[in-house]
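Given the coordinates of chain A, assemble chain B onto it according to the supplied hints.
Protein chains: 2
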Amino acid sequence: MGAGFGFRVTATDGRARTGVIATPRGTIRTPAFMPVGTAATVKAMLPESVAATGADILLGNTYHLMLRPGAERIARLGGLHRFMGWQRPILTDSGGFQVMSLAGLRQLSEEGVRFRSHIDGSAHLLTPERSMEIQRLLGSDIAMAFDECTPFPADEAVARASMERSMRWAARSREAFGDRPGHALFGIQQGSLFRELRAESAARLRAIGFDGYAVGGLAVGEGQAEMFAVLDYAPGMLPADRPRYLMGVGKPDDILGAVERGIDMMDCVLPTRSGRTGQAFTRRGTVNLRNARHADDPRPLDAACTCPACRGYSRAYLHHLVRSGEMLGAMLLTWHNLHYFQELMAGLRAAIAAGRLGAFVADFHALRAEGDIEPLRSGGD
Amino acid sequence: MGAGFGFRVTATDGRARTGVIATPRGTIRTPAFMPVGTAATVKAMLPESVAATGADILLGNTYHLMLRPGAERIARLGGLHRFMGWQRPILTDSGGFQVMSLAGLRQLSEEGVRFRSHIDGSAHLLTPERSMEIQRLLGSDIAMAFDECTPFPADEAVARASMERSMRWAARSREAFGDRPGHALFGIQQGSLFRELRAESAARLRAIGFDGYAVGGLAVGEGQAEMFAVLDYAPGMLPADRPRYLMGVGKPDDILGAVERGIDMMDCVLPTRSGRTGQAFTRRGTVNLRNARHADDPRPLDAACTCPACRGYSRAYLHHLVRSGEMLGAMLLTWHNLHYFQELMAGLRAAIAAGRLGAFVADFHALRAEGDIEPLRSGGD
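Chains A and B supply the protein sequences, listed in that same order. Residue numbers for the first sequence follow this note's numbering, beginning at 1084 and rising by one. Residue numbers for the second sequence follow this note's numbering, beginning at 1084 and rising by one.
Chain A extracted, bound-state conformation (with noise of 0.2 Å):
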């Protein structure tokens, strides 16, 4: 492991974990949630807004920031963090996920993805090295190895071949990574839904070594039942000493199946994308602000939530704000729902560590079983 750059497991409950992640910029509590700053940004968040959520970590994306603004301009102006304004540690992904997403645009070989822009269709290849030099621009706290994100669904032959492709990108992006003191890289586990393939897969990682280990290749569709028939033995195969990252997950629910089985690290748009959209995230589940039902209700969106939208405003204030295509609409209930997620989380790493685990997630379910708060009895209009 990097020098600086440490994880240490301070309480177990069945195979959850909580524990540190110490970086040069700082501690991440695990498990921990990751907010999304595509391009350079939370969006409609200010950056400190996004800390005051508890948010230790951001992820940013290598594919939007090579396009825009470009790696070598914002290493030119001091790297990610002095130009997004956000001091705490940002992880970044590889950029593999988003350009192999890029059906029809882009070509994919040993060497790596050819690829053109969905800004204005210019031409760029994307390897392993490259991925590596870009992250190393950005400054990063935690690069991501290049790794193909196996299409789903694949049969084995298919998975195979993008795994084994995957452990070679993986060892290429550890050499051209080299040492970094202070920065940590993390390999991906392939393998599609196949148990097999997904232990060859970390075995190979582990034979390369990384600095944590990241799920790959779930939350592409396979639904949430394959998705923890994976995490009940994908987890495991992983360095226990080393952090474990679920990319890309997820809804409140799929958070607590992969904590439950040992996940450290996620993200997920879902919490920043929905507010923009209307939908927020609470302990009763998911409401929809543009819904009618609203528009005269006095009610807070979350009597018992602390969060800037929550205490300030009504549900017909923000439901007016979401109709009217207010920007100050998408503020909030990004802010909102962050929050949500981030108290999602910290309630996660006290019942583990109080070794209550089972009772959290019991009392998660049944107040979403509940369901939203009754509409009041509307005057009308």
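The list treats identical chains as one, so a pair stands whether inside a single copy or across any two.
As a list, the in silico SDA-like pairs of lysine to any residue whose alpha-carbon atoms are at most 25 Å apart:
no.: 1; residue 1: LYS1126; residue 2: PRO1381
no.: 2; residue 1: LYS1126; residue 2: PRO1391
no.: 3; residue 1: LYS1126; residue 2: ASP1380
no.: 4; residue 1: LYS1126; residue 2: THR1360
no.: 5; residue 1: LYS1334; residue 2: GLY1137
no.: 6; residue 1: LYS1334; residue 2: PRO1391
These are calculated hints, taken from the structure and not from any lab test.
Same frame as chain A, but now just chain B:
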């Protein structure tokens, strides 16, 4: 003047005045610039951020609020202040200006204006009486008389007929408003560019009696020279012991010229609207952050500005946000612009109090004449 509402001039410098308007919801320092909160939100700003820029009072739009979410609904929800989370004073316009702008969608008669909503095409009637009722339902601290904003250009006969109708409507507004302790009603002078009509309008408003007086029908395309020509005499026709409000103004140099001519209050969408299109107001003039010359510039927009956009970010970052269409760009530039406008007002108030308004205005123009800081010689990309 309504109980609990008062105006006191504390210093003058030439025709310029500084003072305070006292209201039960707090003090408004004059000359005051009112940010516009059209649809119960100052776009892209949290209300506490608006307050942090130094704004003592907001403007709300009767036309927008009556259509969505509806004045009766806002009243049921406790009024506009509670609805939008702004506890300082609010001035509402009468809706007249906006319905008059609905070319082809409105019919004008002595009764008022019939119009169709730009949102859903529904039919509405706005009269002096209904405008007063809506403004009461909203709970604004300062209401405006319902008037006709005379089209520009207008010949004298048209301007006279329009002014006379506005004066009849002003009397109906005063009658309908009644006596509301702690709430003020302002009359609006019309008369286009005709001095005699302005004098007659002022005399008729004074005969009715209002808590404050607006100069209406300016900033409608006549140009700064014509506007200043009217402002050379129009404010002097209005009572010296009541606030004088110039509606819909304006650019920073318009504001200076208006204050020099005895105006106490102004409002304009310019700082907020410009903030959403990448335009920043600075002491050195307007800066277009979309411009490529900012792409590699590590310097703040204005090194002397203490707003969050200037304290925390480079021009390169603001350029990136604007080019990428990121909401944070609109949020930061709106904040900067509102901060700039409020700093300008604070500077004007201090200069008037110190009897050095002339020097303040000279310094303002001298710094703008220098223009924006030179572009860096960039390393290129």
